[in-house]
Amino acid sequence: MFEKVRKCPKQNTNLRSVILFFFLIVGMPLTLLCQNDFLIEAESFLDKGGWVTDPQFIQQMGSTYLMAHGMGHPVADATTQMDVAETGIYFVWARTRNWIPGKWEAPGRFKVTVNGTALENTLGLHPKWNWEYAGQIEIDTKIVVVSLHDLTGFNGRCDAIYFSKEKIAPPEDLTDLEIWRQEKLQEPSSPEAELTYDLVVTGGGLAGCASAIAAAESGLKVALIHDRPVLGGNASSEIRVHTLGIYGKFERILSMIDTEHYPNGSVEAVIDQERRDANMKKISNIDIYLNWRAYDAVSEDDVIQYVDARHTSNGERIRFKAPLFVDSSGDGWIGYWSGAEYSYGRESVYTYGEEWEEWGELWSPEEPDNAVMGSSILFQTVQDSVAVTFPDVPWALPVAKGHKAVAGEWYWEFSRNDLHQIHDGEQIRDHMLRAIYGSFSNAKSDKENQFYKLKWVSYLLGKRESRRLVGDHVFTFRDVLDKRQFKDSVVQEIREVDIHFQQNLLDDSKPDFLSKALFYKTEMYYIPYRSLYSKNIKNLFMAGRCFSTSHAGLGGPRVMRTTGQMGAAVGFAAALCHKYKVNPRTIYQSYLDEYMQVIENQQWLRP
Amino acid sequence: MHKFLVVICFMSCSTALLYQKLVPNNSTKHFELSEEDWKRVSISNPVFSFKNPDTLITHQMHLLSDASGVPLLYYADILTPVCIDGLCKPVYVELYWNLLGQYIGYGDYPDKVLTKYDHDKFEERDYLKLHNLLLDKSSVLGRRQLSQLYDKNTVRTDTIKFKGVEVDAISGATRKEIKQAIVEGGLYSCYTLWHLANGSAKELILDNLAAIYSPTVSDYFLKSNHQEYQYHAIQEMDVDEFDSKLEHIVPFIKTGTPLMRSYVLKKMPKEMFNNPLVSEQLYKNMSSFDFNAKTLLLNNLSYSNESAAVYASAFLPSFSKNQLSLFLKAIQELDAVELVKENLLMYSKAGNHNYSFLVDDLLELYN
Numbered sequence: 120m121f122e123k124v125r126k127c128p129k130q131n132t133n134l135r136s137v138i139l140f141f142f143l144i145v146g147m148p149l150t151l152l153c154q155n156d157f158l159i160e161a162e163s164f165l166d167k168g169g170w171v172t173d174p175q176f177i178q179q180m181g182s183t184y185l186m187a188h189g190m191g192h193p194v195a196d197a198t199t200q201m202d203v204a205e206t207g208i209y210f211v212w213a214r215t216r217n218w219i220p221g222k223w224e225a226p227g228r229f230k231v232t233v234n235g236t237a238l239e240n241t242l243g244l245h246p247k248w249n250w251e252y253a254g255q256i257e258i259d260t261k262i263v264v265v266s267l268h269d270l271t272g273f274n275g276r277c278d279a280i281y282f283s284k285e286k287i288a289p290p291e292d293l294t295d296l297e298i299w300r301q302e303k304l305q306e307p308s309s310p311e312a313e314l315t316y317d318l319v320v321t322g323g324g325l326a327g328c329a330s331a332i333a334a335a336e337s338g339l340k341v342a343l344i345h346d347r348p349v350l351g352g353n354a355s356s357e358i359r360v361h362t363l364g365i366y367g368k369f370e371r372i373l374s375m376i377d378t379e380h381y382p383n384g385s386v387e388a389v390i391d392q393e394r395r396d397a398n399m400k401k402i403s404n405i406d407i408y409l410n411w412r413a414y415d416a417v418s419e420d421d422v423i424q425y426v427d428a429r430h431t432s433n434g435e436r437i438r439f440k441a442p443l444f445v446d447s448s449g450d451g452w453i454g455y456w457s458g459a460e461y462s463y464g465r466e467s468v469y470t471y472g473e474e475w476e477e478w479g480e481l482w483s484p485e486e487p488d489n490a491v492m493g494s495s496i497l498f499q500t501v502q503d504s505v506a507v508t509f510p511d512v513p514w515a516l517p518v519a520k521g522h523k524a525v526a527g528e529w530y531w532e533f534s535r536n537d538l539h540q541i542h543d544g545e546q547i548r549d550h551m552l553r554a555i556y557g558s559f560s561n562a563k564s565d566k567e568n569q570f571y572k573l574k575w576v577s578y579l580l581g582k583r584e585s586r587r588l589v590g591d592h593v594f595t596f597r598d599v600l601d602k603r604q605f606k607d608s609v610v611q612e613i614r615e616v617d618i619h620f621q622q623n624l625l626d627d628s629k630p631d632f633l634s635k636a637l638f639y640k641t642e643m644y645y646i647p648y649r650s651l652y653s654k655n656i657k658n659l660f661m662a663g664r665c666f667s668t669s670h671a672g673l674g675g676p677r678v679m680r681t682t683g684q685m686g687a688a689v690g691f692a693a694a695l696c697h698k699y700k701v702n703p704r705t706i707y708q709s710y711l712d713e714y715m716q717v718i719e720n721q722q723w724l725r726p
Numbered sequence: 002m003h004k005f006l007v008v009i010c011f012m013s014c015s016t017a018l019l020y021q022k023l024v025p026n027n028s029t030k031h032f033e034l035s036e037e038d039w040k041r042v043s044i045s046n047p048v049f050s051f052k053n054p055d056t057l058i059t060h061q062m063h064l065l066s067d068a069s070g071v072p073l074l075y076y077a078d079i080l081t082p083v084c085i086d087g088l089c090k091p092v093y094v095e096l097y098w099n100l101l102g103q104y105i106g107y108g109d110y111p112d113k114v115l116t117k118y119d120h121d122k123f124e125e126r127d128y129l130k131l132h133n134l135l136l137d138k139s140s141v142l143g144r145r146q147l148s149q150l151y152d153k154n155t156v157r158t159d160t161i162k163f164k165g166v167e168v169d170a171i172s173g174a175t176r177k178e179i180k181q182a183i184v185e186g187g188l189y190s191c192y193t194l195w196h197l198a199n200g201s202a203k204e205l206i207l208d209n210l211a212a213i214y215s216p217t218v219s220d221y222f223l224k225s226n227h228q229e230y231q232y233h234a235i236q237e238m239d240v241d242e243f244d245s246k247l248e249h250i251v252p253f254i255k256t257g258t259p260l261m262r263s264y265v266l267k268k269m270p271k272e273m274f275n276n277p278l279v280s281e282q283l284y285k286n287m288s289s290f291d292f293n294a295k296t297l298l299l300n301n302l303s304y305s306n307e308s309a310a311v312y313a314s315a316f317l318p319s320f321s322k323n324q325l326s327l328f329l330k331a332i333q334e335l336d337a338v339e340l341v342k343e344n345l346l347m348y349s350k351a352g353n354h355n356y357s358f359l360v361d362d363l364l365e366l367y368n
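Sequence lines, in order, name chains X and Y. For what it's worth, the working numbering labels the leading residue of the first sequence as 120, then goes sequentially. For what it's worth, the working numbering labels the leading residue of the second sequence as 2, then goes sequentially.
Calculated directly from the structure, the hints in this document are not laboratory data. It cannot be assumed that every hint is accurate.
[Claimed, not checked] Computed Cβ-Cβ distance ranges for the label pairs, DEER-style: (1) X/Y469 / Y/L80: 52 to 62 Å; (2) Y/G186 / X/V505: 41 to 51 Å; (3) X/K247 / Y/Y367: 16 to 26 Å; (4) X/K566 / Y/N368: 54 to 64 Å; (5) Y/L207 / X/K640: 15 to 25 Å; (6) X/Y469 / Y/D241: 52 to 62 Å; (7) Y/D78 / X/G472: 55 to 65 Å; (8) X/P307 / Y/N368: 36 to 46 Å; (9) Y/A351 / X/E285: 29 to 39 Å; (10) Y/E272 / X/E285: 32 to 42 Å.
Beta carbons are placed, not taken as given, at the ideal position from N, Cα and C, and that holds for glycine.
Could you put together the complete structure from these sequences and hints?
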């Protein structure tokens with residue numbers, strides 16, 4: 120019944136004209152037109168107005184989506200346009216959700232407008248991701264202009280818009296929906312493009328950048344896949360955590376991509392962002408794929424064959440092939456998809472002997488559990504010269520309760536034992552948004568805060584802990600306690616080991632979104648190379664918080680100069696793997712002296 | 002630990018003198034200990050000595066017990082020099098620890114009052130501040146060298162500045178934090194006493210715990226109002242003991258901090274969840290528990306019984322999405338869907354519950 124279509128978004132008049140001209144001349148537009156229906160992915164809108172692209176929860180809800188992140192001010196419309204094969208009356212649905220349902224008006228309401236006419240129904244009203252019916256419209260032009268019109272400025276979200284001449288809503292079930300989408304978008308089962316590299320690095324945080332630099336400088340052709348428009352991950356101008364830890368042997372590399380020690384959330388992150396981006400561009404041999412998010416990795420006989428990634432806006436796909444892969448995705452996705460062993464949660468204190476008597480259960484539990492360190496959302500406020508109001512946010516108050524704040528910091532952090540830092544990421548992010556908006560709204564009721572306004576609130580989760588891939592060595596707090604040195608020590612650190620816990624564990628009256636840190640002061644400790652490659656996937660390195668470690672082990676080296684060291688160490692190991700045509704484990708077994716010499720030599724090279 | 006602080010003055014001789022060892026009784030005590038507990042103290046025995054690594058002075062530790070020999074707390078008479086720039090002055094105090102090595106109070110003598118660097122006497126509020134400081138086991142005094150705390154000209158190696166402003170919020174203390182923590186003008190006394198109260202003495206007391214631990218002590222711990230004691234008693238329990246002492250454990254779950262509550266719920270043998278005491282006392286009162294405890298109860302609901310399922314079903318609106326999923330899974334495993342159907346229907350039809358679609362899906366299966 121449905122004809123297969125592809126989206127055809129357009130950004131501005133000039134671009135629109137060019138594309139239209141192209142369509143007319145070539146006669147075979149990328150968007151094949153259907154008779155009865157068409158699907159527009161919201162993230163493919165070329166003019167996104169004030170809406171932001173959010174690819175964080177694809178694995179949970181099925182797609183990248185657009186979000187009206189206006190901090191209380193309705194954002195500018197996102198607009199696109201389509202060529203329509205057939206005029207007539209269309210029924211329209213938008214895939215959306217009410218992100219915090221309750222006894223209040225849904226906070227993220229929006230409308231769909233078609234050719235300037237707002238469709239009847241307000242959207243963003245139902246609790247789960249679903250196709251909400253927007254209304255019907257008569258389309259009497261061959262080119263139809265579609266807009267998302269935000270009504271609140273409080274994080275309304277839209278995944279896709281579907282037009283059909285028949286009043287039959289698309290499927291809700293995620294598996295059915297995926298098949299339906301592929302059909303509507305005429306997607307073949309494999310990516311259209313296939314590229315081959317010496318090393319494919321997934322995740323452009325500090326670890327991923329460092330590994331790409333080290334490998335590329337050693338002569339490898341590297342693909343760096345990153346799902347955001349800027350590199351740096353938690354250190355980026357989008358999340359704004361400053362980098363802690365030491366450089367170890369890799370000052371030259373890490374000083375190209377780290378940050379100053381500004382307050383977390385500071386706008387100064389933008390300056391470091393520019394420096395990082397410029398430095399990364401200078402490195403030859405790295406193809407940086409910004410706004411590409413990996414969605415699959417396939418292994419045969421425990422060897423990864425390829426990583427598939429999709430552009431977060433235009434939906435194009437590429438299959439990345441290589442003999443070696445680095446998982447610096449943070450959440451360990453490449454390892455997870457390819458079948459690597461991994462762990463999540465807190466081990467029993469007896470598993471590795473990670474006790475810190477002083478803090479008992481808070482540090483390492485007797486019984487294993489899933490109470491990991493939480494994720495943060497940073498925010499920044501400024502004082503205006505005139506009084507500034509902030510809307511009422513009744514939907515935020517059940518989280519914020521009476522808490523008042525005009526500034527955030529690292530301890531704005533959320534973790535709870537019914538929530539998984541990956542599977543429930545959207546809920547965790549939304550909980551933090553409620554905490555921030557609610558606490559700020561409470562603070563605004565005090566006269567002394569009348570000049571404050573929200574300048575910036577991140578919408579990207581700054582995660583501390585998620586999946587940890589298992590390597591030949593599992594780095595633990597025991598290694599720190601025992602001051603263990605390894606013949607393959609490639610990372611070193613002197614910063615305190617600190618593990619966070621939610622404040623309300625000790626005092627139920629505390630807000631559930633604030634944490635505390637336990638600092639274990641330590642002398643220099645070391646991480647071996649064997650914690651940086653997978654135990655069972657033969658050609659997989661990992662660097663960053665998904666390296667091979669226990670929960671308590673992660674407490675120290677999760678900070679970004681340390682994870683950057685891991686990345687650099689992995690990049691140089693990859694170069695030797697390439698040189699001898701061997702897998703990561705063989706470097707430890709047969710080429711360790713040469714490898715350690717390469718690492719040693721790094722420290723004498725100045726920035 | 003008791004929430005209230007009692008200051009007990011024992012200025013006259015007591016019957017304690019009749020016992021073989023002297024119980025300290027002539028000091029002003031700043032205690033996290035009830036007067037009633039203190040009155041039980043009858044016997045004092047020297048148990049071991051410990052050394053202050055800074056002064057190299059050895060102090061004698063005493064174990065204080067009740068008349069029947071049940072150990073109650075430790076104390077040591079402290080005479081220690083507090084020195085700065087080569088000038089030293091003596092400080093006399095008694096320090097007290099509980100049986101787990103946690104500092105619980107100090108006593109000072111009327112004729113040897115505490116003084117500050119400029120020889121001003123401690124004021125009443127200073128005594129209280131000192132006590133609170135010594136109770137803070139994560140105090141900044143434990144994380145810094147003395148020199149890092151007092152010398153304004155010393156640049157702390159981990160002081161982090163950005164554009165001339167100290168911004169370190171991660172790795173430790175700011176000067177403001179230090180100032181707030183200590184008795185002003187009494188940094189050296191505070192520092193010395195904090196390390197005595199929270200240093201090696203503590204570890205030695207813990208090492209000694211096995212030697213004094215007995216069924217009587219276990220019982221004393223469990224029935225005490227002291228959460229750390231109760232926690233330790235439960236920590237040492239095996240499955241059989243859980244069963245026989247459940248009547249003491251359940252109240253602990255109800256009144257403990259969320260952390261302690263979670264600990265016990267995780268440790269509790271699965272078969273205990275089927276005990277009527279658990280359904281009546283815990284599942285019936287779920288709404289008063291913290292979120293994590295609720296999750297743990299729901300995680301174990303399938304090991305419980307139909308009554309527990311019915312009790313839990315009364316709190317559907319308070320469950321998170323994942324908790325609701327746990328509940329719905331458990332009632333299917335318990336074959337209790339019909340029993341709680343009324344509450345499910347009420348939740349589903351209310352029209353204002355966030356996750357009613359999950360309940361609807363289940364009800365559809367059972368229609």
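So, going through the hints one by one against the coordinates:
no., hint, verdict
1, X/Y469 / Y/L80: 52 to 62 Å, "41 Å, violated"
2, Y/G186 / X/V505: 41 to 51 Å, "45 Å, holds"
3, X/K247 / Y/Y367: 16 to 26 Å, "21 Å, holds"
4, X/K566 / Y/N368: 54 to 64 Å, "57 Å, holds"
5, Y/L207 / X/K640: 15 to 25 Å, "20 Å, holds"
6, X/Y469 / Y/D241: 52 to 62 Å, "21 Å, violated"
7, Y/D78 / X/G472: 55 to 65 Å, "37 Å, violated"
8, X/P307 / Y/N368: 36 to 46 Å, "41 Å, holds"
9, Y/A351 / X/E285: 29 to 39 Å, "33 Å, holds"
10, Y/E272 / X/E285: 32 to 42 Å, "57 Å, violated"
When the structure is compared with the earlier hints, violations turn up for hints 1, 6, 7, 10 and for no others.
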